[in-house]
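Participant: Sequence:
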Amino acid sequence: MQIFGVDIGGSGIKGAPVDLDRGDLADERFKVLTPHPATPDAVGDGVQQVVDHFGWSGPVGLTFPGVVTGGATIRTAANVDKSWIDLDAGALFSDRLGGLPVTVVNDADAAGVAEMNFGAGRGRKGTVVLLTFGTGIGSALFVDGVLVPNTELGHLELHGHDAEKRASSKAKEDEELTWEHWAHRVQRYLAHVEMLFSPELFVIGGGVSRKSQKFLHYIEDIKAEIVPAQLQNNAGIVGAAMHAVKGG
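The opening residue of the sequence shown carries number 3 in my numbering; numbering runs sequentially from there.
Calculated directly from the structure, the hints in this document are not laboratory data.
A virtual CB, placed ideally from N, CA and C, is assigned to each residue, including glycine.
The hints are all genuine.
With a cut-off of at most 25 Å between alpha-carbon atoms, the simulated DSS-like pairs for lysine-lysine come out as follows:
#	residue 1	residue 2
1	Lys248	Lys127
2	Lys172	Lys33
3	Lys127	Lys225
4	Lys33	Lys84
5	Lys213	Lys167
6	Lys172	Lys84
7	Lys213	Lys33
8	Lys213	Lys172
9	Lys213	Lys225
10	Lys167	Lys216
11	Lys172	Lys216
12	Lys84	Lys167
Per label pair, the in silico range of CB-to-CB distance:
#	residue 1	residue 2	range
13	Lys248	Gly128	16 to 26 Å
14	His163	Gln4	38 to 48 Å
15	Gly128	Pro103	31 to 41 Å
16	Ala44	Arg124	35 to 45 Å
17	Gly128	Ala44	36 to 46 Å
18	Ala93	Arg124	30 to 40 Å
19	Thr41	Thr71	19 to 29 Å
20	Glu159	Tyr220	20 to 30 Å
Modelling step: build the complete structure from the supplied sequences, incorporating the hints.
Facilitator: Below is the structure:
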């Protein structure tokens, strides 16, 4: 069974048909840059471009980098334009896609569901935290495989700032940090999350997951097991498609 997934991030909008039996992309993903400012109309153009690239005509699942309630309504917009807040994104995207059925889910929650079903969290019980390091830091919290949605742990305070302002991969790039220096910031952040939730497993997702050999060995004194996301940066696309099957 194939469903289309789109992952909307702070830097890129990427999507592809997803083979839900395998939990993997059924075709090579297509990506466009996220517009700046990332207004609803501009992002809608990008999503339409991605979906039209494949000539897709069925249900579409989309992720969004913020809190999403009811499978459609945006509640926060930390790394995109504030005009998203309280918008019915499901209606907006469905209209842009010619009336196709659309569901919208938090981006890290989508990635987490994909990893728990097909990747690094498969079969794991207890408390599992997936963290996506990109433009910001997204989070997905699971207890015995059940998602606690919209946790937004990237906005925990770390040294007087939102954690994502200090430890996201964007912060690494903006401040030109070495992998070791950045890993030490990530370590302090993980220690804070561990103090609050005592997880058995951290799954590190986002674009940095494919470069885990450059930084994971620098992270010490964390009791939980730490592993890279197996689906890497495709996890959001897969999770978005899985969410579309559930209907939001």
